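Fit chains B, C and D to the given chain A structure using the hints.
Chains as they are written, first to last, in the working numbering: chain A, 24 to 283; chain B, 24 to 283; chain C, 24 to 283; chain D, 24 to 283.
The hints are simulated quantities; they were obtained by calculation from the structure and are not laboratory data. Note that the coordinates shown come from a computational prediction; the quantities given were computed from them, not determined experimentally. Just to be clear, a hint being listed does not mean it is correct.
Copies of the same chain look alike in the list, so a pair counts if it works inside one copy or between any two.
To be verified - Straight line, CA to CA, 30 Å or less: simulated BS3-like cross-link-like pairs of lysine-lysine:
# : residue 1 : residue 2
1 : Lys94     : Lys54
2 : Lys197    : Lys75
3 : Lys138    : Lys75
4 : Lys138    : Lys197
5 : Lys94     : Lys138
Here is how the chains run, residue by residue.
Protein chains: 4
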Amino acid sequence: GPAPFFILGPCALESESFAWEMARSIDEIAKRTGINYLFKASYDKANRTSVKSFRGPGVEEGCRILGEIGKELGVPVTTDVHSPQDAEIAAEHIDLLQIPAFLCRQTDLLEAAAKTGRAVNVKKGQFLAPWDTVNIADKLRSFECRNFLITERGTTFGYNNLVADMRSLYWMRKEGLPVIFDATHSVQRPGGLGGTTGGDGELAPVLARAAIATGIDGIFMETHSDPANALSDGPNQIPLEFLEDLLVRLVAIHHAAHGA
Amino acid sequence: GPAPFFILGPCALESESFAWEMARSIDEIAKRTGINYLFKASYDKANRTSVKSFRGPGVEEGCRILGEIGKELGVPVTTDVHSPQDAEIAAEHIDLLQIPAFLCRQTDLLEAAAKTGRAVNVKKGQFLAPWDTVNIADKLRSFECRNFLITERGTTFGYNNLVADMRSLYWMRKEGLPVIFDATHSVQRPGGLGGTTGGDGELAPVLARAAIATGIDGIFMETHSDPANALSDGPNQIPLEFLEDLLVRLVAIHHAAHGA
Amino acid sequence: GPAPFFILGPCALESESFAWEMARSIDEIAKRTGINYLFKASYDKANRTSVKSFRGPGVEEGCRILGEIGKELGVPVTTDVHSPQDAEIAAEHIDLLQIPAFLCRQTDLLEAAAKTGRAVNVKKGQFLAPWDTVNIADKLRSFECRNFLITERGTTFGYNNLVADMRSLYWMRKEGLPVIFDATHSVQRPGGLGGTTGGDGELAPVLARAAIATGIDGIFMETHSDPANALSDGPNQIPLEFLEDLLVRLVAIHHAAHGA
Amino acid sequence: GPAPFFILGPCALESESFAWEMARSIDEIAKRTGINYLFKASYDKANRTSVKSFRGPGVEEGCRILGEIGKELGVPVTTDVHSPQDAEIAAEHIDLLQIPAFLCRQTDLLEAAAKTGRAVNVKKGQFLAPWDTVNIADKLRSFECRNFLITERGTTFGYNNLVADMRSLYWMRKEGLPVIFDATHSVQRPGGLGGTTGGDGELAPVLARAAIATGIDGIFMETHSDPANALSDGPNQIPLEFLEDLLVRLVAIHHAAHGA
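Next comes chain A alone, as it looks inside the complex (with noise of 0.2 Å):
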C-alpha cells in the first residue's frame, strides 16, 4: 500500500507563537523520518465540557495563522470548523476543512464546507455505526465534494468511555471511503475529570500502533511541547518529544503489515 499520511498539530492555537514552534519542531521531525502531513489546531472549542474553558481567537485570526504557517513552510492546513460561515471564511486559509463528531449529521455545515471546493474530513460521531458512514459520503458527493475523508475517533461505550473498534476501519475503506484514525481523541474519557474531557494519554500510541496495522490511510494525532500544561486535551495529546520515534513505528508497521 501506499506510504500512510499524518495529521499533526497542537489540540489548540494556544497562541501565534505557539502555533509557529509547534508547526517548526513538526515540520523537522516529518523532514528527518521522510513523512507526508498536514498541520493541525483549532481555532475555536466550541462544545468544551465547561463554559470557563479556553476556546482560541476565532476563525478569522485563526486560520490567518494557520493559512501563514502553511504558505511558509510548504505544507497544507487543516483545522476545524463550526458553522456554515465559519467553513465558508476558513476556507480562504484552509486546505483541508475538518467537520467535528457532534457534527457529523449536520446537512447544512456539511454542505457549506463541500460548497467551498476545499478537502473535507469528517469526524466520524461517537453515536454512528461505521457503515452509517457512507450516508456522510452520500450527502457530501451530493454537494459535489469530491475530496473527503473519514476520520474514526471512538464510539460511545457506557458512559464517560469510548472504544476504539478496528473493525470500523476496515468497514469503512470496504466501502471505498478514506480513512483516518485520529489516535488522540479516541482514547478521551468524556466527561470522566468533571468539568473537563479526561483520557489516556500513554494509549494514544498504542491505538496508533493498532490502527496502522489494520491498514488505513493515516493517523490524526495531537501533539504538544508540554501536554500537562496544555490549554485544552492535555493529558491525551503526544509529548513533542516522542513523536518522531512513533512515527518511525508507524511507518514500519504500516510497511509490516502490507508484507512490504
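Chains B, C and D alone, transformed into the frame defined by chain A:
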C-alpha cells in the same frame, strides 16, 4: 408528586393545515384527560440521515405557524433550534426552545437560546453520561437561563441501537434537574434502515410507562394521525388514536408510583 | 393481566436462623399485601469476585433449610444451582431451580435442571441479546422442561456497569416467554468496588417500578433486614423495612399499566 | 520484546484423523516461519447456541488424542475444560488448561485447574472489565497457580456484537499479566445467525495485526483447512492456506512495533 406534563405533537411541520389538525386533536384529548401539555413540531429536520429526506418549512414560517396555534389554543409551544440565529428568530413565537441532542454541547447555541429569555429544553446527547448534564445546566445558568429541562432520549448502545437507561432519569433528578423522557426517540434504531432512521414504534408506549413509573417531571412523545405516511420518524410516532388511552395510563402509573 | 408474582429473599443463606427470620418476615408482609411469592436464598456464591468472600452452607445443607422453610410456611422455594450434580441434589427440596446468568448457555446444566422435572428459572446472561433467550427456551423444551421462566438482570454496558433495557422485557414476552425482572442484580456495578461487586441499592426500587410498568410476569428482589452487614451483595438488597411499601406500589403500578 | 508465541488449531476435534492432519500442517508452517506455538482443539463445545449442534468426542478421548499429537510433534497442547472433574482428567495429557470465558469467574473451576499444577489460560469474560482480571489472577495465585495467561476475546457491545478493545491488552499487561489476544473469537457476532453463532472471518487477521502491534505476548487463532465445512465456528476460523502469510506479517509487525 405534582402531576406530570407532556410535550406532544407530530415530528415535523408537514404542512400548515396538518399542524392545525394535529394540534386541535391533541388539545381535545388533553382537555378530556385533564393533562397539561406543550405542543411540539419541528420546522427543520437538520440532520437527516439522507440528503434526500424532507426537511420542513424553515424557521420563520414554522415558528409563525406554531405561534398562531399556541395563541389560538392557549397552549405553550416548543420546537428545536439548530443555530444561534434560529434561536433568536424562534424566540419571538416559541415558549420553550429545544436544543437537539447532537448539539447539546455547542456552547454558542446554548448561549443564544439562554439569552432569548425563553425556557430551554436540552435533549441529552446519545454520547453523554447522565451526570454530565450538570455541565450543561451550569452553562445555561451562567448565561442567565433559569428555566430549563433536560430530556433523556437514549444512549448509544452498540451500533444502530439506543438504550433508555431508567437509572439516568433518577440520577439527573437527584442532581436537581427537571427531567423529561422522550419516549419516541428513545426507541429509534439510528441508521437501521439504510438511508433513514428506523425504530420500534410499538415500544414507545412501553418505555413511556417505564419512565413515568420511575418518577419524572414529564414525557415527550411524538404523535401522528397516520404514522405510516409521516414525512419523518414515521415508525416511532404514537398513532393519534392510541394517545388518549396511553395518557390515561401514564397518569395512573404516575399516581401509583407516588403511593397516591 | 393476571397479578404479578414475586421472588423474594436474602442473597445468601447466611445462617439457618437468619433464613428463618427473613422468611417469616417476608411471609407476613406477603400475607398483609396479598401477593404471591417464592422464597429465595443462595447456598453457594460460586463466582464471587474474590476468593476470600463468603460462599454459604453448600447444596445439601442449604437445600434442606430451604425445603423446611417452604414446607412450614407453605410457599414454594427457589435457589441457584451451579452444576448438574447440584441440580439433582437441590431438586429434592427446591420447587424452582435457578440457572445463574454466567451459566445460562451451559447445555449440561440446563439439561440436568430440566431432567429433574422441577420448574427452571434461567437468568439471562449479561452478554445475551433478548431474542437469543429463545435458544435457551428451545434447549429446555428439548429436555422436556415445560415450566420455565427467563429473568432479565441487566446487560453489559461499557466496563463495570450494567444497563436494564426495558425493551428486553417486552421483546421476550412477545416471544411467548414468561419474564421476570431482577431488580437487585440489575443495579450491580460489577467489579466496581475492587475486590467486591458494588451497586446502587437505592436504584433497585426505581427499576422495579419501571419494569412492572412495562407489563411483565413478576419481579425478583433480594431483601435483607440489615443490608449494610449482609455477607454478600449488601449494597443492592432492598432493606426489609421498605419492602411492604414497595410491593404495594408495584402491584398498583401493574394495575395502572394494564388500564385496570 | 521477546518473540510472541501462538496458540493455533481448529475449533473442534472433529475427528482423530482431522486433528492429526491439522496438527501436522500447522507444525510444518511453524517450522518454516520459526514461530513458537501450542496446538489447540476442543473436545466438547459445551455452550453451543443450539442443542442440535456438534459437541465433540468428550474429555477422555479428546485429551488422549491431543496428548498423542503433542508427544509425537514435540509441541505443548491446550484445550478448554468446563468442570472441575474435566480439569483433573484433562491435566493428564494437556499442558495448558483453558478456562472458557463464560466460566472465568467460577471459583471451583479455577481452583481445580490450578490444583492440577498445569499452566492455566483464562479467557476474559465478555462481561468483564480489563482491570477485573486482576481478581482472577489473585484467585489463581491463591490456589498456587504460578503459570497463567489471560486471553482477551472481546467485550459485549450492544446486542449480538463484541468489540475488541485494544486498550484492554495494554491495561492488563500493565498489571503484570501475560496477555494473549484471541483473534478468531473476538470477531464473533454472538447469536447473530439465529441458531448458531456467526462472525466476520475476514476480520480475524485485521484484529490479529492490530493486537500484535500493541505489544502483547501472543495470539490465539483458530484455523481450519476448510472453514466453510467446519463443524463449529466455521465463519471465523483462518483458512489454513492463509496462515503462513499471516504469521509472517504478525511477527514482522511485532518487531516493527518494538522498534527492532
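Evaluation of the provided hints:
1. Lys94 <-> Lys54: within (16 Å within a copy, 55 Å between copies)
2. Lys197 <-> Lys75: between (42 Å within a copy, 24 Å between copies)
3. Lys138 <-> Lys75: This pair counts as between: shortest inter-copy Cα distance 17 Å, intra-copy 34 Å.
4. Lys138 <-> Lys197: Only inside one copy: Lys138 and Lys197 sit 26 Å apart there, 46 Å across copies, limit 30 Å.
5. Lys94 <-> Lys138: For Lys94 and Lys138, only the intra-copy Cα distance (23 Å) is at most 30 Å; the inter-copy one is 40 Å.
Going down the numbered hints, you'll see the structure goes against none, and every one checks out.
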